[in-house]
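Chain by chain, the residues run as shown.
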Amino acid sequence: MKLRKPLLITGAALLASAGTVATAASDAQVSVKAMADALHLVMDSDRTIYTRKIVNRLVKKEKVIKASEHFEDDKALVLPAQMFRFGAELVQKRAEKLPDVNFSYSLQSLWPINKQNAPKTEAEKTGLKYVAENKGKNYYTTEELGGQKYFTAVYADTGVAPVCVACHNAHPDTPKKDFKLGDVMGGVVIRIPVES
Amino acid sequence: MVVATAAVPAAPSSPYTEFTDPHLVQGRALWLDTCEGCHGYGIAGAPIPMQPTEWAPRLRKPLPLLYRHAIEGFFGPDDTYMPPRGGNPELSDSQVRAAVDYMVALARHHINVTR
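Chains G and V are the protein sequences, given in the same order. In terms of my numbering, the numbers along the first sequence are unbroken and rise by one, the last being 196. In terms of my numbering, the numbers along the second sequence are unbroken and rise by one, the last being 1115.
Keep in mind the hints are simulated off the structure, nothing from the lab. Predicted model, so just to flag it, every value in this text is computed and none were measured. Beta carbons: idealized from backbone N, C-alpha and C, even for Gly. Do not rely on the hints blindly, as some may be mistaken.
With the Cβ distance kept under 7 angstroms, some of the chain G side facing chain V (calculated, not the full set) [as the list claims (entries may be wrong)]:
#	residue
1	Arg52
2	Asn56
3	Val59
4	Lys137
5	Pro162
6	Val163
7	Ala170
8	Pro172
9	Lys176
10	Lys177
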């Protein structure tokens, strides 16, 4: 998926129209916002199915295995958030060998247990704050990093199971101990390079 | 027990209708504190009471069954998971029932408005 000819429009117009890219295989047009939304839909659906069909079913319903942050030591399933992170890391690694594929995603939080998962750019910080304060809404912007312009989208990541909330609240490294079920605990950041 | 009760406007932009029955006033407060985080947005497959198509089938179930699902927890047909007491173990049975009663009244209200 290369957004190689990305943008027929620039600057502020990019956000207004969400940009337009031509696919390599045809002249069909797709907006960069639609591309980010589609990527997030796939990620979120895969994670939801893992949570429901693997974790909920095997851990809570049939009680045949545990899910644990320390899954190797505990011989347990990886947590849904860990599965998501592993996917993001593998995509990044595999994409290095695919020059036509150029996007990245990550799971971040304003209250990270692991400080590496804190936002780094202003767009990430603003976006994570926005999705936490405006539940049900996404955040879209553009930013320039290292001379490259990016379309950056942030989607809320919500605590959907008591174990997510309880573990974060009780973790010794957590900066926030009062999460409730259904709270926005972080966000998925998707970044797609675009031409100015 | 859900009783017919008058609805009063909530905050202008709030979809969470207020009712005059004191039991539902209490239920609304409990629902907002514990349940709204998921049921207000459909998080983790939680049915949204403002969506008639999501709640009509549930309203055909006996109320004691809805109470039991909320108190004990419930696995949906697609392995969705409703945690016991909405994930708030501090709620008593009667408090959970009050929150369920409010959600049922809210769903019925939105179904009636849609009609």
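We went through each hint and held it up to the structure:
A cut of 7 angstroms between beta carbons decides the hint on G:Arg52: the least distance to chain V is about 4 angstroms, and the hint holds. A distance limit of 7 angstroms between C-beta atoms decides the matter here; for G:Asn56 the minimum to chain V is near 5 angstroms, and the interface restraint holds. Using the Cβ-Cβ criterion of 7 angstroms, the hint placing G:Val59 at the interface with chain V is not satisfied: the shortest such distance is roughly 10 angstroms. Annotation: interface hint on G:Lys137 violated; nearest CB of chain V at approximately 11 angstroms, more than 7 angstroms.
Contact between G:Pro162 and chain V, as hinted, is supported at the beta carbon level, the nearest pair being about 4 angstroms apart and thus within 7 angstroms. With a cut of 7 angstroms, the hint placing G:Val163 at the interface with chain V is violated, because the nearest CB-to-CB distance is about 9 angstroms. For G:Ala170, the interface hint is violated, since its Cβ never comes within 7 angstroms of a Cβ in chain V; the closest pair sits about 14 angstroms apart. Annotation: interface hint on G:Pro172 violated; nearest CB of chain V at approximately 22 angstroms, more than 7 angstroms.
Here the hint on G:Lys176 is broken, as its CB sits about 15 angstroms from the closest CB of chain V, past 7 angstroms. Hint status for G:Lys177 relative to chain V: violated, with the closest Cβ pair at about 16 angstroms, above 7 angstroms.
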